[in-house]
Each structure stands twice: as C-alpha cells, then as structure tokens.
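Participant: I would like the entire structure built from these sequences, with the hints used as guidance.
There are 2 protein chains.
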Amino acid sequence: MSFVTATYLVPGGLDLHKKAEGIALGLTVGSWTDLPALEQAQLKKHKGEVIATNDGTPKATITIRYPAVNFTPDIPAILTTIFGKLSLDGEIKLVDIAFDDALAKQFPGPQFGVDGIRELIGVHDRPLVMSIFKGMIGKGLDEFETQLDAQARGGVDLVKDDEILFDNPLTPFEERVKRGKHILDKVEQETGRRVLYAVNLSGRTFELRDKARKAVKLGASALLFNVFAYGLDTLQALAEDPEINVPIMAHPAVSGALTASPDYGIANSVLLGKLLRIAGADLVLFPSPYGSVALPKEETDAIALALTEPTVHRAAYPVPSAGIHPGLVPHLVRDFGEISVINAGGGIHGHPDGSAAGATAFRQAVDAVLDDTSLEDAALQKAELAAAIKLWGHPL
Amino acid sequence: MSFVTATYLVPGGLDLHKKAEGIALGLTVGSWTDLPALEQAQLKKHKGEVIATNDGTPKATITIRYPAVNFTPDIPAILTTIFGKLSLDGEIKLVDIAFDDALAKQFPGPQFGVDGIRELIGVHDRPLVMSIFKGMIGKGLDEFETQLDAQARGGVDLVKDDEILFDNPLTPFEERVKRGKHILDKVEQETGRRVLYAVNLSGRTFELRDKARKAVKLGASALLFNVFAYGLDTLQALAEDPEINVPIMAHPAVSGALTASPDYGIANSVLLGKLLRIAGADLVLFPSPYGSVALPKEETDAIALALTEPTVHRAAYPVPSAGIHPGLVPHLVRDFGEISVINAGGGIHGHPDGSAAGATAFRQAVDAVLDDTSLEDAALQKAELAAAIKLWGHPL
Ligand SMILES: [Mg+2]
Ligand SMILES: [Mg+2]
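Here the protein sequences come in this chain order: A and B.
Take -2 as the starting number for the first sequence in the numbering used here and just add one per residue.
Take -2 as the starting number for the second sequence in the numbering used here and just add one per residue.
Derived by calculation from the structure, the hints in this document are not laboratory data.
Treat the hints with care, since some could be wrong.
Here are the computed distance ranges between Cβ atoms for each label pair [unchecked claim]:
id : chain 1 : residue 1 : chain 2 : residue 2 : range
1  : A       : P8        : B       : K294      : 41 to 49 Å
2  : A       : G351      : B       : T54       : 12 to 20 Å
3  : A       : Q103      : B       : E237      : 27 to 35 Å
4  : B       : G53       : A       : D369      : 50 to 58 Å
5  : B       : K294      : A       : E46       : 31 to 39 Å
6  : B       : P33       : A       : E185      : 28 to 36 Å
7  : A       : Q103      : B       : E185      : 37 to 45 Å
8  : A       : L32       : B       : G113      : 50 to 58 Å
9  : A       : D98       : B       : D207      : 25 to 33 Å
10 : B       : T54       : A       : G119      : 50 to 58 Å
Ideal placement from N, C-alpha and C gives every residue a C-beta, glycine not left out.
Facilitator: So this is what it looks like as structure tokens:
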C-alpha cells in the first residue's frame, strides 16, 4: 500500500485528535464509527489515518496519512485530496508532505538535476553563477544579443530571461532561442565554456509542450517556467517529455500568494522544495535570505534541503535569488554550499564597469571563497571584484 | 491601448507613492527617471502607471495599471506580471483586478452561464438546487446509480461528484458518465425534468481536453473541475473547446491556500469571482456564509457580484456551498437571489427519510420562499420539509 502523509499547522488548544479524525475521515471515506462492520471491512484500505497530533500552543500540528488507492498518481489529485476542501477550513497551513518511495517513483523528478547540469556545463567543483537579463521589455533583439554576449563572456554559467518577458514582437521567443544559441556557441568556441540560456516558456498551457519541443529543436539549452502561473502537473508533463531534453528552471512567480502567510497556505519547503522536485524542476529559484525580497533563513534552508536531500529522485539546484552581489558570495557558499547557483541581476548589470565585469566579479568572488582567500585579499588582485565590493560592500 | 489594473492591500504608514512607483516600474520597464529621453519615448507605452494610493492605516491600497502590450493575452502571463515576483514581496494581497473590454474580450467567459444553464434545465424562475454524492470512495457503480437516481427523482436540478472522487476502478470515469446519462434520461422521460450530472474531470493536464471531449460524446451533461489544482488557463482551454459543449463547474479546492489570509494572497472576489468568470467557469462553488467551513458574508457577496454583474461576459452561477440545509433556503434566497444554485450534501443525504426526500425538502423550501410562504406554514403541508426542519432547524 502506498500513502501520502501530510502535516498541517493549526491553532493549538483545540480538541486536536477530534479535529484530526474529522480531517482523516472527511477527506477519505466520510464517516466510520457509525458504519456497519461489513462496510468498515470494505472501506478499511481507503480510510485516512491520524498519525500524530502535537499541541505546542499557540500552534499545533496534525499529521494524516492518506491511502494512495484513493487518488490517481498525479499532483492535482493529491493536492485536491490533502489540501483541497481543507485549504478552506479556517486557520490551517500545509507544512510537510511525504510520499513513500513506490508512490514517489511514479513521478519523474529532475531529468538533469545537479549532476546532469554540471555535466552539461562541465563544472563540477564550485557553485554555478547565473545572471538575468536587465529590463528587456520594450527592447529589441540587438539589446538581447548585447546583454547575452556580455553576461556569457563575463563568465556566468547560466543566463535566464526575466520572468515577465513573454513572447513578443520585439524579441520573439523563437528568435531569442536561435540568436541565443548562436551567441553561446560562439562563446564556447572562443572560451571553451558552455553557457546555458533559459528562455521563458510562456503562452497557453496546451501549446507549451509543442512550443518547448520546437525550442529544443531550435537549440534552446534550458527553459525558464513560471510553474505557479500554470500548475505543477504542467511542469511534470514538460519534464517527462523525452523531446524536451533540456533543464527546466522553475520560477517562484505567484508562489508567494500560497506561501507567504504564517497561518494559511503551503510551506515553502513543500511547494518550492518537495513538490517542485517531485514534478521535475532541475533548478528552483527562491528569494535568498539576504535581499529586500527575502525569506527567513530557516525557510531557505528547508527549501534547499528538500531539493537536495537523498530521495528516489535526482537533486535539484537551489537558486537563492534577489539582492545578490559579489560581497554576499561567502555567505551564499556558507549557507548553501557548492550545490547551489548564485544568481544575480542588479548585482551584475549594476557593476560600474558593465555587465561583463559584473559577471567576472562574481566568478572572482567564487574562486576566492573556494581558495579560502578573503574577498578583500582577492580584490587586491582583481579589479572587477574590487569595484563590486567598493560599490555594494561586503557584509560580515 | 489595453490594460490590466490591479489593486493591492499593503500595510499603511509607508511611503506609499514610492512603493507604488517601485512596483509600477519594477514589473514593467525596470527604471525610468534615470533613462535618456530617447529611451523614455521608446518605453513610454510599456511603462506601468500608478493610478491611486490610499492610506487607511493600518492598511493601505495601491492601484497600478499595466499595459497589455507587455504580455500575451493569457492568464499565466497576466498573473506573472501583476502578482508574480510581487507575491513574494512582503505583506501584500491582490484585492482587485480589472480588464478593459478589449482585453476582456480575448477571454471566453462562461460558454453557458446562467441563461444557458437555465435553458438546458428548463428552469427560469427560481434558484436551482444541486446535490453532491455522499462518500463514494470505496463504493461501486451500484451505489453510484442508487444515489444518482434518488437525488434526481427527489427533484434536484444538478448532481455533482465529490471533488475527491477521481478516476478509479470501482467507479471509472467513463462508466459514471454512461450510467449517469442512462439514469438521467430515464428520469427525464418519466418526470419531464432534465437533471445535469457534473462528473469530476481529473487526471493529467495534457489529457484533460481529450478526456472531456470523450465524456461529452458519451453523454456527459456537465463537468466538475478542480481548477486550482491545475491552473486557470487549463479551465479556459476547456471552456473554449467547441467539442466540450457542456457547462463547467469550478470547485474551490486548494483555493483557500491562496485566499484565506487577510494579508497575503489573492482576494476571493478576484480568484473565485473575476478570474473564474473570465476563464470560463459556468458555475462557481464557494463556501457559504452559514456553515462550519464559512466565508464572511462580505466575501461571498463580492464573489457573487463578480460572477453576475454586467460585463462583456455571460454571468456565471454562484453556488454557495457547505453547511446548507432546507431551513437555510430563505437566507440563501435573501442573500443570493434567484440567480444562484442551492447546493447540499449532508443536508440531502442526512434527511431522516433518505436522499430523495432530502432533495424534495429543498424543492419544497424553494417553492415556499418564492410563494412568500414561511417554512413553518409550508411544512404543515409538506412532510419532507417538516422532517428536515425538525432535524436541522430554521434559523431566523
Ligand atoms: Mg525576474
Ligand atoms: Mg466535496
């Protein structure tokens, strides 16, 4: 028998066991004690079970196990079961989920994951560095090419579209893919470094699969996807498609509507961690604990753990984002280790000497940290890093 | 020029205009005052505009207008623009949206809506009555047929699956459709009343369209859909499909994760009201203001208004649900009027004389209210209604 186990945060001081029993029955067989023995025997394997209740007033947790026989092995059915009607039932937050291995294996997980992406890029011994295009709305393909070239030559491993850049007449999706491939091929020929470009896969749901397949044929090296504007199952379908054989980067857009409240919704570690990994995200962006748009460090730790801890699936890359500049690299490496992607927008394009220098400064900071050299010492030799630290500082 | 206008609830007492400018620029052209005049001219039509700020400390609102030229006319692109990154930006709730008519017309809205469903059922002068199957998990097709027959004969206009009943070996999706049609055809022949059965459309996203088309071919008369376990755009694709020519009933499962917090997420009137209607839901279930799983009446009023106020789209049926019994019918009619569906599960199956009597009691209550007869007076003549009121009471 397979199960999904879900843990909920609820107000403390209630009759927890009664509440838990109500959930376990209400979301499975409906009722129990008043059923005839024959019906109980028939329904036993469908019945939800209360696994634990813990009152730590003012908050308490309830853990319930739902038999997988009640749903089809897809995320919409599971979400509807464990947090469908229940999401509407007063103060309650879904704070953990667990699939047993047999059930988990029915989901793809990352098709590349950390090892696959390292293989693609040819980097195995340091955190990767990623940059984001700056202000592309209203700009054309020349600007696109200039920015991509500068970022790639500066030394980043990945470049991503901004999540608000959709298919548009100035920089059409397919043109971005084709020109992106051309530029990155040239950079590889000249520098030996393979850089991936994650183009924003957008548009109508039922067109996404064909659009992604076409992009891959045209030379796309990665996809950016606003999962939560669509649905986790759509991500899964893209991840499972054998023709869409490039890494998929999940953007957290809209996810704050589900995760931000302490009392309602779904925990970041569940939504951006466990569910995105199960559904097949290869890289997961989330707010870093440092910037202006920040998450508490316990939450970013929990996301990173959910993406990388041993499970039946490959590990996905944590990509702590927002407010990142070279002075934060020691913090990023300390907090997220080598299995992470250092991602910057303003911290690259805002560099006094331009985007390429901004990218170089990040690579210099990473090298310094891995060499156990302080940023100050490294900056004595590295002009780009020195300029970055002069501008943004170097918090201890 | 077309626009989406979005209003956000944020903490009061900030420098609101600065915050609003930051949002309007950050989610469109990125920056403005430091741009050369030539670039400003080029980017002008892409720039977000602050329409209003209102400080009513402790809370304040910000209204921003986003040019539609920045996104493709689909809900994922719009959500990503107006509440993508922004959903992660501290305490903020999306409390209103508006599409101008030109933009709104690029969305289907309900394909049947209130008038179309009245036409299908042949009822034009009273609220409709709907019932839900009881505890079908673990049960077989005999139980399905028995329950459907009792509910339909009792006098309801619509019957819906429970949202947690997925495709399963005991009551397979296609069998439910075929047997449902057979039973409802018989009821129509014998009583002259047309009853719709909304089968739960579930499974993998990319299979839904074919599954729904097949269901319609097999005689499905309506579809239940857990929109928020998938995505609004998937609902839209189902609504737009000419072969899926039956009403679609949107279930609010999982929506509480987005709507329940007063400070974060998306308002019910936006998510269950405006967006479901634009995307094409014909009927929208939401928690009634009366039951144990209840919404504040201001919120249910706002949902019902968003579903029915004059727009470029057909009106969708508000379906206030949960905790409904015949004694509440006067309240439902007072609060939601004739353009609503009265929806009950326990209030039908829990009737002392069974589900058919439970359905009949609801119809008797509706007739009494429309005749301006009190339920007490009506109950003198109507045994089923009398038994229901005896059991559940009749709150004033
Ligand atoms: Mg961005
Ligand atoms: Mg239900």
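Participant: Decide, hint by hint, whether the structure agrees.
Facilitator: Against the structure, the hints come out as follows:
Taking the beta carbon of each, P8 (chain A) and K294 (chain B) are about 23 Å apart, not inside 41 to 49 Å as hinted. The supplied range of 12 to 20 Å is broken by G351 (chain A) and T54 (chain B), whose beta-carbon atoms lie about 43 Å from each other. The supplied range of 27 to 35 Å is met by Q103 (chain A) and E237 (chain B), whose beta-carbon atoms lie about 31 Å from each other. Look at G53 (chain B) against D369 (chain A): about 54 Å separates their beta carbons, and that is inside 50 to 58 Å.
Separation of K294 (chain B) from E46 (chain A) is about 36 Å and conforms to the stated range, judged on CB atoms against 31 to 39 Å. Take P33 (chain B) and E185 (chain A): their Cβ atoms lie about 34 Å apart, and the range 28 to 36 Å holds. The beta-carbon spacing between Q103 (chain A) and E185 (chain B), approximately 41 Å, falls within the hinted interval of 37 to 45 Å. Judged by the Cβ atoms, the range 50 to 58 Å given for L32 (chain A) and G113 (chain B) is violated: they are separated by roughly 40 Å.
About 31 Å separates the C-beta atoms of D98 (chain A) and D207 (chain B), a value consistent with the hinted range of 25 to 33 Å. At roughly 55 Å, the beta-carbon separation of T54 (chain B) and G119 (chain A) lies within the given 50 to 58 Å, and the hint holds.
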